[in-house]
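> Which chain is which? The protein sequence lines are H and W, in order. Position 121, counted from 1, in the first sequence is what full-length UniProt numbering calls 121; the numbers after and before it change by one each time, with no gaps. Position 44, counted from 1, in the second sequence is what full-length UniProt numbering calls 44; the numbers after and before it change by one each time, with no gaps.
Hints are not guaranteed to be accurate.
Identical chains share a label here; the pair holds if one copy fits it or two copies do between them.
As the list claims (entries may be wrong) - The list that follows gives simulated cross-link-like pairs (lysine to any residue, SDA-like), each with its CA atoms no further than 20 Å apart:
(1) 102 / 79
(2) 184 / 124
(3) 30 / 136
(4) 102 / 60
(5) 102 / 49
Because the hints were derived from the structure by calculation, they are not lab data.
Protein chains: 2
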Amino acid sequence: MRTLYHLWLDSGSRKIRILLKEKGLDFQMKVEKLWERREEFLRLSPSGELPVLIEENGISLPGQNVITEYLEEAFPEPSLLGGSDPLDRAEVRRVAQWFDVKFRQEVTDNLVEEKVMKRFLRLGAPEAAAIRAGHANIHYHLDYIAWLSERRKWLAGDHFSLADVAAASQLSCLDYLGDVPWEKHEAAKDWYARVKSRPSVQPLLADRIPGLLPPAHYADLDF
Amino acid sequence: MRTLYHLWLDSGSRKIRILLKEKGLDFQMKVEKLWERREEFLRLSPSGELPVLIEENGISLPGQNVITEYLEEAFPEPSLLGGSDPLDRAEVRRVAQWFDVKFRQEVTDNLVEEKVMKRFLRLGAPEAAAIRAGHANIHYHLDYIAWLSERRKWLAGDHFSLADVAAASQLSCLDYLGDVPWEKHEAAKDWYARVKSRPSVQPLLADRIPGLLPPAHYADLDF
Chain H
1 MRTLYHLWLD SGSRKIRILL KEKGLDFQMK VEKLWERREE FLRLSPSGEL
51 PVLIEENGIS LPGQNVITEY LEEAFPEPSL LGGSDPLDRA EVRRVAQWFD
101 VKFRQEVTDN LVEEKVMKRF LRLGAPEAAA IRAGHANIHY HLDYIAWLSE
151 RRKWLAGDHF SLADVAAASQ LSCLDYLGDV PWEKHEAAKD WYARVKSRPS
201 VQPLLADRIP GLLPPAHYAD LDF
Chain W
1 MRTLYHLWLD SGSRKIRILL KEKGLDFQMK VEKLWERREE FLRLSPSGEL
51 PVLIEENGIS LPGQNVITEY LEEAFPEPSL LGGSDPLDRA EVRRVAQWFD
101 VKFRQEVTDN LVEEKVMKRF LRLGAPEAAA IRAGHANIHY HLDYIAWLSE
151 RRKWLAGDHF SLADVAAASQ LSCLDYLGDV PWEKHEAAKD WYARVKSRPS
201 VQPLLADRIP GLLPPAHYAD LDF
């Protein structure tokens, strides 16, 4: 069976979990504790990155971008990149990239990496300045979600797309830590409520990491 | 006419210059001095990143990944992603990503960013430790190029592909600074000599940045 090596609070892993569900593909999940630096894992993912998808024929696909484009090409229906117009698809990729790179660097890395991953990877104590930066930056990104979703039904156009998946993957990690100030961002919250109600996203809401429980509203569809 | 906003030593800009030439597309280039933080540019590229391609209809496409996938979809011939098998294409994207992300972080950021970009962006003096790390890490990546090119004609298979373009874009920036120890890496040098002889790469070899001239071998096809 198709296998996804992942970590619970890795946003790229969450993105591929949602995509596989959207495309109706069966898979099993295996937690890869990166901090154990398993040699067998480095053979699957020479760059050492997560997630890694092992296809049914045994071929390994490392990295969220490689997996995303592969899934779109091998299983085009339903498409998460929008219609057939390359410019529409470029807009989906642009917004997805915003969350994959800019949001991750400015928010997720400052909060999830500092508070959780550093502990596991033994990289020292969390830096207070990074955590403050993450809490400050998230407002500006939630405003961007509001701006987009006031102009479009979903973040990159009329349809739920990779852009929504990318944004939800970042935000669901932060929401697990109780780090999203939803109460100050009504429009972003409305968009996220619609995302949470999708069947492809609900498995994420059932995640429970041993020793690190989410706040009560995490799985609540009416939060 | 199609316009590419770029910077001379930005590896992503170099990648798109090669791709446009490989696809036989005409374009003009405009230098975007990121350190001037032009408001008009931020309207073209909300994330502030280079390169940005303005298509003939005026639509702007920001970021090397968005532009790369757009060019492949809008102008599929010749393809730089290999054939039609999604697994072959995944291998091209995997190797390209290695150079776009891992090589850039471990080598290019430590050398080009520290020695050149920091000066323009007024981010302070170069850090000696970063420069040492860049010089140490490059050997390991040149060994990887040798390993791949001993097993395949080009880095991701039988054909020149996005993987070769990605690697060449990083290395040509470093070569401009005289920072590639070719003399210790014969197999990587042979691969790069083949890359340099491609018509799509030759315009890069004619680059001359005012006040920062490349070493004599930079444009030499028989270096």
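> Tell me, which hint numbers fail for this structure?
1, 2 and 3
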